[in-house]
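Quick note, the sequences are listed as chains F and A, same order. Note that the UniProt record's numbering gives residue 7 to position 7 of the first sequence, counting from 1, and the numbers run on in steps of one. Note that the UniProt record's numbering gives residue 128 to position 128 of the second sequence, counting from 1, and the numbers run on in steps of one.
Take these hints with a grain of salt, some might be off.
Counterexamples of contact, computed for chain F against chain A with all Cβ distances above 12 Å [what the hints assert, rightly or not]:
hint: 1; residue: Gly14
hint: 2; residue: Ser22
hint: 3; residue: Arg74
hint: 4; residue: Leu78
hint: 5; residue: Arg101
hint: 6; residue: Gly107
hint: 7; residue: Glu113
hint: 8; residue: Gln177
hint: 9; residue: Asp215
hint: 10; residue: Gln232
hint: 11; residue: Lys241
hint: 12; residue: Val255
Partial chain F-side listing against chain A, Cβ under 7 Å, derived [stated by the list, open to error]:
hint: 13; residue: Glu72
hint: 14; residue: Leu86
hint: 15; residue: Leu99
Hints are computed from structural coordinates only; laboratory data are not their basis. Cβ coordinates follow ideal geometry from the N, Cα and C atoms, glycine included.
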Amino acid sequence: MTLRAENISLHLSGFDLLRNVSVQVEAGEVTAIVGPNGAGKSSLLRVLTGELAPTKGAVSFNQRDLNDWPVEQRAQMLAVLPQHSLLNFPFTAHEVVALGRIPHQTGTLKDTEIIDQALQLVDAEYLQKRFYTQMSGGEKQRVQLARVLAQVWLPCKEGEQILVLDEPTAAFDLAHQQLTLEIVRQLAEKGVGVVMVLHDLNLAARCADKLVVFDGGLVAAQGTPEEVLTEQLIDQVFGVKAMISRHPLTNKPLVIT
Amino acid sequence: MRRISSAWLLATLAILLPVIVLYSMTVGTVSISMAEAFSAAVDRLFSSADSIGQTQVILFDIRLPRILLALLVGAILASTGAVMQGLFRNPLADPSLIGVSGGASVGASLMIVLAGGAVESGLLMGLSLVALGAFVGGFAATILVYRLATSGIGTSVTTMLLAGIAIGALAGALNSLLSYFADNDMLRQISLWQMGNLSAANWAKVWIMALVSLLLLVSFPRDSRALNALLLGESEARHLGIDVQRVKRRLIVLTALGVGVSVALAGMVGFVGLVIPHVIRLLIGPDHRWLIPGSAMAGAILLVVADSLARVVVLPAELPTGILTALLGAPFFIALLLQQRREV
Numbered sequence: 001m002t003l004r005a006e007n008i009s010l011h012l013s014g015f016d017l018l019r020n021v022s023v024q025v026e027a028g029e030v031t032a033i034v035g036p037n038g039a040g041k042s043s044l045l046r047v048l049t050g051e052l053a054p055t056k057g058a059v060s061f062n063q064r065d066l067n068d069w070p071v072e073q074r075a076q077m078l079a080v081l082p083q084h085s086l087l088n089f090p091f092t093a094h095e096v097v098a099l100g101r102i103p104h105q106t107g108t109l110k111d112t113e114i115i116d117q118a119l120q121l122v123d124a125e126y127l128q129k130r131f132y133t134q135m136s137g138g139e140k141q142r143v144q145l146a147r148v149l150a151q152v153w154l155p156c157k158e159g160e161q162i163l164v165l166d167e168p169t170a171a172f173d174l175a176h177q178q179l180t181l182e183i184v185r186q187l188a189e190k191g192v193g194v195v196m197v198l199h200d201l202n203l204a205a206r207c208a209d210k211l212v213v214f215d216g217g218l219v220a221a222q223g224t225p226e227e228v229l230t231e232q233l234i235d236q237v238f239g240v241k242a243m244i245s246r247h248p249l250t251n252k253p254l255v256i257t
Numbered sequence: 001m002r003r004i005s006s007a008w009l010l011a012t013l014a015i016l017l018p019v020i021v022l023y024s025m026t027v028g029t030v031s032i033s034m035a036e037a038f039s040a041a042v043d044r045l046f047s048s049a050d051s052i053g054q055t056q057v058i059l060f061d062i063r064l065p066r067i068l069l070a071l072l073v074g075a076i077l078a079s080t081g082a083v084m085q086g087l088f089r090n091p092l093a094d095p096s097l098i099g100v101s102g103g104a105s106v107g108a109s110l111m112i113v114l115a116g117g118a119v120e121s122g123l124l125m126g127l128s129l130v131a132l133g134a135f136v137g138g139f140a141a142t143i144l145v146y147r148l149a150t151s152g153i154g155t156s157v158t159t160m161l162l163a164g165i166a167i168g169a170l171a172g173a174l175n176s177l178l179s180y181f182a183d184n185d186m187l188r189q190i191s192l193w194q195m196g197n198l199s200a201a202n203w204a205k206v207w208i209m210a211l212v213s214l215l216l217l218v219s220f221p222r223d224s225r226a227l228n229a230l231l232l233g234e235s236e237a238r239h240l241g242i243d244v245q246r247v248k249r250r251l252i253v254l255t256a257l258g259v260g261v262s263v264a265l266a267g268m269v270g271f272v273g274l275v276i277p278h279v280i281r282l283l284i285g286p287d288h289r290w291l292i293p294g295s296a297m298a299g300a301i302l303l304v305v306a307d308s309l310a311r312v313v314v315l316p317a318e319l320p321t322g323i324l325t326a327l328l329g330a331p332f333f334i335a336l337l338l339q340q341r342r343e344v
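Whole structure, please, built from the sequences with the hints as guidance.
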């Protein structure tokens with residue numbers, strides 16, 4: 001029970017964004033959050049990462065209340081990739097990824113090694129010396145992904161690590177979508193817990209150990225992709241008639257609309 | 001635009017700065033050669049007090065404090081400019097955005113109008129009433145802006161920018177009002193003060209400025225990495241383990257102090273805080289670990305050069321330094337912008 005939200009309600013400027021939501025993110029597992037626009041997916045991520053305090057309920061992280069962790073220690077264990085980045089200063093890709101090493105005291109030499117490997121992993125080595133402000137949307141997002149990967153690159157002795165990704169594949173082409181999901185799987189095998197918002201149900205089904213389906217601020221269903229993805233649920237939550245089949249190679253559920 | 005190595009730039013500036021300071025010693029209404037200056041320095045160090053000549057007085061009681069004040073004010077304006085641009089994630093921000101300059105000029109004008117002719121004679125430890133008014137005004141305006149932008153959930157950078165603009169407009173109106181009621185002599189003093197002038201430098205002012213500069217330049221490096229992280233956005237910085245609220249508060253207070261004291265001692269010297277960090281960033285990139293010291297040295301150089309020119313361009317009279325910083329800085333900045341536009 002690495003990162004756990006218990007009976008979370010979030011009430012913000014007159015709206016109930018989340019109602020009695022309980023979600024657990026385990027180390028070594030990939031949890032995907034899906035649901036229609038405005039269902040509360042990003043709100044949940046913001047509560048899970050401590051950006052918003054829930055109106056009711058509590059979030060615990062590595063057996064402590066999330067807010068009890070000193071900020072620096074928390075940053076060694078919890079990395080967050082936002083959907084958009086505000087960065088508009090001409091850092092190079094290398095410098096952006098280096099920001100991910102700020103919480104750690106591993107020394108320049110080790111950091112440089114990690115930064116190079118992280119850039120290589122997201123297929124962004126060739127961007128090393130290029131300016132962030134001059135990159136394409138997909139390139140920027142890959143560099144940001146490398147930054148959060150660098151942040152949880154080495155295990156932390158304080159506790160289990162969690163990586164939070166908000167629609168990581170939105171700006172990516174097909175090849176880089178696949179690459180991202182592979183990276184996420186590898187990371188989970190290394191023991192990091194991953195929680196991410198995804199829009200593509202098939203990507204989610206292929207990659208995630210657990211799906212959490214949101215609808216109108218409530219958890220409509222959670223469980224393994226096989227349990228959760230049913231024709232009835234998709235009709236109920238998304239209002240779309242779909243057929244559920246099986247992927248011929250992975251045997252994972254395949255949503256056909 | 002291609003970058004140059006930050007180590008190389010810092011080394012160049014570090015060599016250039018003392019050379020320019022030494023050269024500046026020889027520049028002024030009375031021309032003193034390097035050799036004369038050197039022998040006067042030796043005399044000053046090794047002979048008794050009663051043999052002080054005119055050259056020595058010019059060099060050590062007039063020029064040196066003035067040059068050092070220019071150096072320190074330039075360094076503080078430029079480094080606080082770099083800090084504010086990072087904190088506001090806006091390359092066009094400068095210390096005046098948080099209300100320091102506007103508040104300071106109201107404080108100064110108020111003192112000039114209230115105290116009238118007593119202003120220049122009422123010296124207290126070398127700090128005139130005008131300087132005190134400017135400092136209090138600048139600091140009060142900053143605190144007002146900061147309070148306006150701070151709510152239960154933290155300080156909003158956007159609200160702070162807007163509040164700074166509003167307070168700036170208010171300060172402008174108050175200034176005009178004071179100018180309207182001022183007589184001719186006061187009006188001239190107000191406008192001279194607003195142009196920025198280092199001619200009233202003395203050792204007391206240098207010491208005050210040196211203490212403040214030391215505090216700022218020792219404090220800034222420990223927040224350099226936090227400023228780098230802040231360029232990503234505030235919540236991203238928080239996720240990187242930065243105590244954003246504390247860093248913001250510390251940097252705003254230090255900036256208000258530094259700029260408040262600078263403006264109080266040297267008047268309104270515009271342009272340095274905006275342009276110098278921008279130029280240095282174009283040259284070596286936005287990493288604050290190098291940007292802040294680079295800006296400090298380049299700002300010091302610009303202000304020492306501008307002040308040297310101010311002493312000689314309209315001999316035997318002098319120009320206010322603030323006019324020259326803008327005259328020197330603006331074309332350079334425009335050239336850089338054009339070059340950047342061509343390369344994008």
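How the hints compare with the structure:
no., hint, result
1, Gly14, "holds (17 Å)"
2, Ser22, "holds (23 Å)"
3, Arg74, "violated (7 Å)"
4, Leu78, "violated (7 Å)"
5, Arg101, "violated (9 Å)"
6, Gly107, "holds (14 Å)"
7, Glu113, "holds (19 Å)"
8, Gln177, "holds (23 Å)"
9, Asp215, "holds (26 Å)"
10, Gln232, "holds (37 Å)"
11, Lys241, "holds (39 Å)"
12, Val255, "holds (32 Å)"
13, Glu72, "holds (4 Å)"
14, Leu86, "holds (4 Å)"
15, Leu99, "holds (6 Å)"
In this structure, the hints that do not hold are numbers 3, 4 and 5, in rising order.
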